[in-house]
Amino acid sequence: MDAEKYCSRNSHIKQSDIAIVSILILAFALRIAWLVCTNLTAEDAFITFQYARRISQGAGFVYNLGEKICGTTTPLFSLLLALWISVFGEGTVVLGARFYSFAASISSLFFLVLSLRFLGFTTVQQGFALSLLVIWPKLWGIDTSGMETSLVVFLITVSWYTYLTKRNIWTGVLLGLLLWTRIDALNWVLLMIGFQYFRNPKESIKTLSAAVLTFSPWLIFALFYFGSPIPYTIHAKQIAYSKFNTVPFYSHFFTLIKKLGPVNSLSFPGNFTGLAAILTYFILILAIAASYISRKNRNILLLFVFSISELLLLTFTKATFTGRYLIPALYFFLFFAGLLLGKIWEKIKTSLPLKSLFALVVTGMFLYILSLGVIEAEIMRNLQLYNHEKSLKRIGEWLNENTDQDATVMLEPLGYAGYYADRRMLDVVGLITPPVVDLKDQGLLNPYEYIPSLAPDYLVVHCDDILRWLEQEQDNNTRHLDGYRKVITINPLDFDPTNTAVELTMDLVLSRNACYEIWESQ
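Mind the numbering: the sequence shown is residues 1 to 522 in our numbering, read in order.
Calculated from the structure, these hints are not laboratory results.
Some clues are possibly wrong.
With beta-carbon atoms standing in for the labels, derived distance ranges [stated by the list, open to error]: (1) 87 <-> 455: 35 to 45 angstroms; (2) 480 <-> 281: 43 to 53 angstroms; (3) 119 <-> 247: 36 to 46 angstroms.
Here are the computed lysine-lysine pairs in the DSS-like style, where the Cα-Cα straight-line distance is at most 27 angstroms [said to hold, decoys possible]: (4) 296 <-> 349; (5) 166 <-> 202; (6) 202 <-> 296; (7) 68 <-> 243; (8) 318 <-> 243; (9) 393 <-> 68; (10) 486 <-> 390; (11) 258 <-> 243; (12) 206 <-> 166; (13) 296 <-> 343; (14) 166 <-> 296; (15) 296 <-> 206; (16) 343 <-> 355.
Glycine included, every Cβ here is placed at the ideal spot set by N, Cα and C.
Generate the whole structure from the sequences, applying the supplied hints.
Okay, here's the thing in structure tokens:
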């Protein structure tokens with residue numbers, strides 16, 4: 001009998017391992033399929049690529065040569081990519097970014113399983129907890145976009161595991177590396193150390209000490225090199241997007257709720273309706289219910305407090321201009337929702353009618369989520385092809401081929417165009433251009449007003465924006481464009497800049513965002 005029990009127990013363990021491994025393989029396969037279909041690399045990723053290239057060239061932590069401005073929010077990812085370029089060459093930087101992101105995303109799921117097993121959750125609950133993270137299309141894009149977000153989630157997930165297993169020094173090191181990756185992850189660092197303090201003050205001191213020691217090299221370097229350990233982009237974005245934003249807080253909150261949805265395109269006006277909206281709110285309700293059920297378990301409660309606090313912090317700082325900042329919170333909302341689905345399944349598995357109904361609802365929900373991913377993949381493929389490659393990359397290549405090496409270019413899309421042009425860039429958001437931030441801080445929000453101060457050699461402007469600038473010159477009798485002439489129009493989707501359509505269709509958004517004119521100083 002003992003031998004039979006032993007064999008039965010081992011058989012169960014192997015079957016559960018196979019199930020979890022199968023889910024991890026599915027996660028990898030879906031992300032590969034997304035990448036093959038879209039070939040998407042985010043616009044902002046190329047800002048970090050430029051820093052990595054400069055570092056690998058020995059030019060320092062700069063975007064424009066000689067200008068010590070931290071225009072990337074992720075020093076650690078920049079250094080990892082610089083290392084990759086040094087070993088494999090500059091032409092493989094996109095591959096390197098994708099490799100790091102893939103490795104981080106799959107490893108995050110793996111350590112999530114280890115954490116759930118440590119806490120005693122069943123295989124069914126583990127499987128459901130992973131399921132939504134595996135099939136949520138927005139995460140496919142994040143994990144393949146070339147950005148640092150997957151590394152942030154990885155460091156949060158692994159630090160949670162080491163926190164659970166009381167590996168205090170490792171926890172502190174991971175938290176320090178997390179701050180190297182994104183300084184705004186300080187929320188997670190403070191919450192974890194706070195929760196640990198109530199569990200064991202001595203352990204929290206060890207963790208905090210290790211975190212400080214790990215982060216201190218960047219802290220010291222940044223203070224002496226840039227004058228501040230806080231990336232300049234945080235200040236620039238706060239001025240550009242938040243300071244003069246009069247939209248009420250509740251509107252920002254609901255904007256973030258929309259960004260919890262399964263695909264990015266649904267955040268466009270008029271599309272967050274119907275089943276997609278119901279699905280998003282349903283997932284959020286499941287997550288809240290799961291956290292309430294687990295409220296006595298402080299280890300689980302930490303994740304929910306973090307997710308809610310992230311949502312509130314982004315709301316009150318009005319940092320709703322991009323959904324990337326919300327990804328860690330989204331990750332754990334999906335995690336909680338999946339946990340509750342697993343618990344419900346185990347509660348009703350003895351009732352055939354309820355079990356069948358539950359299976360039907362969950363299967364339908366999963367198929368709907370996957371179908372949204374298929375639709376999104378086509379949109380993102382067009383975004384990559386027309387907006388990124390045939391427009392922004394083409395702008396950079398044209399500037400590289402047709403301008404002097406010391407030419408200055410004023411533009412908004414700093415990523416692709418700036419990387420492929422490899423010229424001195426003056427970006428109208430101000431990420432790497434402090435004079436722009438100073439002008440915005442004075443209330444000058446129209447990039448047209450920056451031309452006299454910046455005096456760029458070239459202007460890269462949306463086709464419809466240049467029409468408004470020309471009208472402004474006539475209406476206000478200004479002459480900022482005197483001495484400039486149009487040299488090329490890049491318009492791969494034949495956008496009509498005189499189109500005054502009120503309804504923003506996806507095709508109109510894509511075509512408008514792909515249409516640029518380049519003007520040259522005479």
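Verification of the hints:
Separation of residue 87 from residue 455 is about 40 angstroms and conforms to the stated range, judged on CB atoms against 35 to 45 angstroms. Between residue 480 and residue 281, the C-beta spacing of about 47 angstroms keeps the proposed range 43 to 53 angstroms intact. Checked against the given bound of 36 to 46 angstroms, the beta carbons of residue 119 and residue 247, roughly 40 angstroms apart, stay inside it. Straight-line distance between C-alpha atoms of residue 296 and residue 349 comes to about 25 angstroms, which keeps the hinted pair within the 27 angstroms bound.
Using a Cα cut-off of 27 angstroms, the hinted pair residue 166 and residue 202 holds, with the two alpha carbons roughly 12 angstroms apart. The hinted pair formed by residue 202 and residue 296 meets the criterion: a straight-line CA distance of about 23 angstroms does not exceed 27 angstroms. Our distance criterion of 27 angstroms between C-alpha atoms is met by residue 68 and residue 243, whose separation comes to about 25 angstroms. For the given pair, residue 318 sits about 9 angstroms from residue 243 by alpha-carbon distance, which is consistent with the 27 angstroms threshold.
With a C-alpha separation of about 25 angstroms, the suggested pairing of residue 393 with residue 68 holds against the 27 angstroms cut-off. Of the supplied pair hints, the one linking residue 486 and residue 390 holds, its CA atoms being roughly 19 angstroms apart against a limit of 27 angstroms. Taking the CA atoms of residue 258 and residue 243, the gap is near 22 angstroms; set against the 27 angstroms cutoff, the hint holds. The hinted pair formed by residue 206 and residue 166 meets the criterion: a straight-line CA distance of about 11 angstroms does not exceed 27 angstroms.
Restraint check for residue 296 and residue 343: the C-alpha separation of about 16 angstroms stays at or below 27 angstroms, so the hint holds. For the given pair, residue 166 sits about 19 angstroms from residue 296 by alpha-carbon distance, which is consistent with the 27 angstroms threshold. A threshold of 27 angstroms between alpha carbons decides the hint, and for residue 296 with residue 206 the separation of about 25 angstroms falls inside it, so the pair holds. Using a Cα cut-off of 27 angstroms, the hinted pair residue 343 and residue 355 holds, with the two alpha carbons roughly 12 angstroms apart.
When held up to the earlier numbered hints, the structure conflicts with none and fits them all.
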